[in-house]
Amino acid sequence: MALTDKELEYLTETAWKIRRSIVQTTLWAGGGHIGGGLSQTDILVILYFHYMNIDPQNPEWEERDRLVLSKGHGGVGYAPVLAEKGYFSGELLKKFNHTGSPFGMHLDRHKVKGLDASTGSLGHGLPIAVGLAMGAKLHKKPWRTYCIMGDGEMAEGSIWEGAMAASHFKLDNLTGFIDRNKHCIDGCTEEVMAIEPIKDKWASFGWNVLEVDGHDFRQLAEAIEKAQLTTDKPTVINCLTVKGKGVDYMEGKPEWHYGGLDTKMAEEALKSIDRLYGKA
Amino acid sequence: MTEQSGLTYSVYDTDHMTPTEIYGHVLAKLGEERKEIVALTADLAKSTKIGKFGDKHPERFFNVGIAEQNLMGIASGLALAGFIPFVSTFAVFAALRAGEQVRTDICYQNLNCKIIATHSGLSFGTAGTTHHCTEDLAVMRSFANMTVIAPADGFETANAVRACVDYPGPVYMRIGRGFEQTVYENENYGFQIGKAVTMHEGSDITVIACGPCVLQAVEAARTLKENQGIEVRVINMHTIKPLDREAIIEAVNDTRKIITVENHSIVGGLGSAVAEVITEEGKSCRLKRLGIPDIFAIVGQTDDLYNLYKIDAAGIIEAVGELLGKEVEEDDDWEDEV
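Protein chains in written order, with our numbering: chain H, 755 to 1034; chain F, 7 to 344.
What follows is a list of derived Cβ distance ranges for each label pair:
1) F/Q307 / H/G960: 39 to 49 Å
2) H/E814 / F/T136: 37 to 47 Å
3) H/E817 / F/V305: 51 to 61 Å
4) F/T136 / H/K848: 47 to 57 Å
5) H/E814 / F/E65: 24 to 34 Å
Hints are computed from structural coordinates only; laboratory data are not their basis. None of the values given here were measured: they were computed from a predicted structure. Quick reminder that beta carbons are idealized off the backbone N, C-alpha and C, glycines included.
Pulled out of the complex, with its shape left as it was, chain H reads as follows (with noise of 0.2 Å):
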């Protein structure tokens, strides 16, 4: 079912206050995947906020839809939306990086709340999803898994085993999102190691695809529920971001893959995000 346009404003807004939330945690943890951690945002807002299967209060209960973050860099951008789901309190983001904090730049299921998967080196969360998603078969269980890669993972190996295998074992409960905000670490993903024809690529390895505005909640909503119909093989959504969303100074830079900011840079990106949401 298509978004209303109540739901749509409440993403919106839950949207506005997590980058918000990103900012207020980068500052404190002295620095942070900001970049893509911005470009993500969305993507885990329609899942946290309007597609998942999932119970704060309870946030081992079996019968929860699973997401993997297997961009696991992306922590300081994830931490803020659990604590807005209510796994644990906001404040909590304030110790983010410190030393014996539950937070630093990749997250631990064991002391983050609403982890379902430890992650950080790349290309291993596909295949800890495809477990997953093979778990829910074998206890012909219907919930689902979600597996939200970064572009520049494309670049390995173990992606590409995951993504036969899930398509081998006919994972229809498994969609993948990719974050395509087309940069990693040392610039460009075309330039440091092309992935294109990524959708192409996917295809040929038996995923259903569909490309999106990664910031697009109706575009978003509209390609989750096809991939919830499909049968018989997994999903892959294309969703095309940008990278550092909303921050005017860091949008399509890829020297804010990671960085810090002082608190008037912080400042600066607020009233930025706040002029994106039309609160400023």
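Since chain H is already given, all that's left is putting chain F on it; use the hints.
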């Protein structure tokens, strides 16, 4: 083995089945009782014998093709979904090709995955260095949360496979290619993960061995006793981690001379683990590590390689003679010098 023999293996069975075959049968049988057990391999169902589980429980058996990183990743996903995955491939691929997945996906997440790695050490001698694995103990025992087991023979493999099902967290077990002889007469000797077994009593010198080298050590001890009256204590240190420190300290106190023997590099394996305990204990002790020296082993028949690298009975006898001729400083004298 007959179907009626259930989980108990006899000499008849071990005469007719290799340790890897016993592993396959034990796992298949366990799968009947424990529905949460799943099994995975990477195109080595037949070679590792995990396929025997697949024959009995095809719905819980997954062959992921020649993709070891994916093998470990999928296993961790299945463990996160509540299953107990048993994963089998050759040791060199489990420990090295997929080493980071084992470390990060399985050990860091402290998942209930049991890796049964076959063709370890030089057991696949003729396959050449690409298929030897003389580094896995060093790598695996350095991973936090990991339990590391090297069973001596088929009986011990059966015991260890059963024991690890309910042993929490990740387990790495290294077995051979499947042609190893037995050292035990049956399974009933009180196998316990982390508890070494004294195979031969002795007070002159101690040989601490694991895997197929246990049989070599026992044969060496018998020969030395018969021919020279030398009393060699032989300890089967089947669990490399957690190590039975007490058995080592007791041997140091009783015999002051220790030889370790393993089908593994002398760097980082059983010998290193034993040396760490002895050094920390601070007791004077002569230690000789037998294993593959810091080289890539040559191609050859496994028995020939054992002889070449002196990890067979003859090599152990030679090392015992060498070490018995050496002095051990008394602890008191040593303290005076300090």
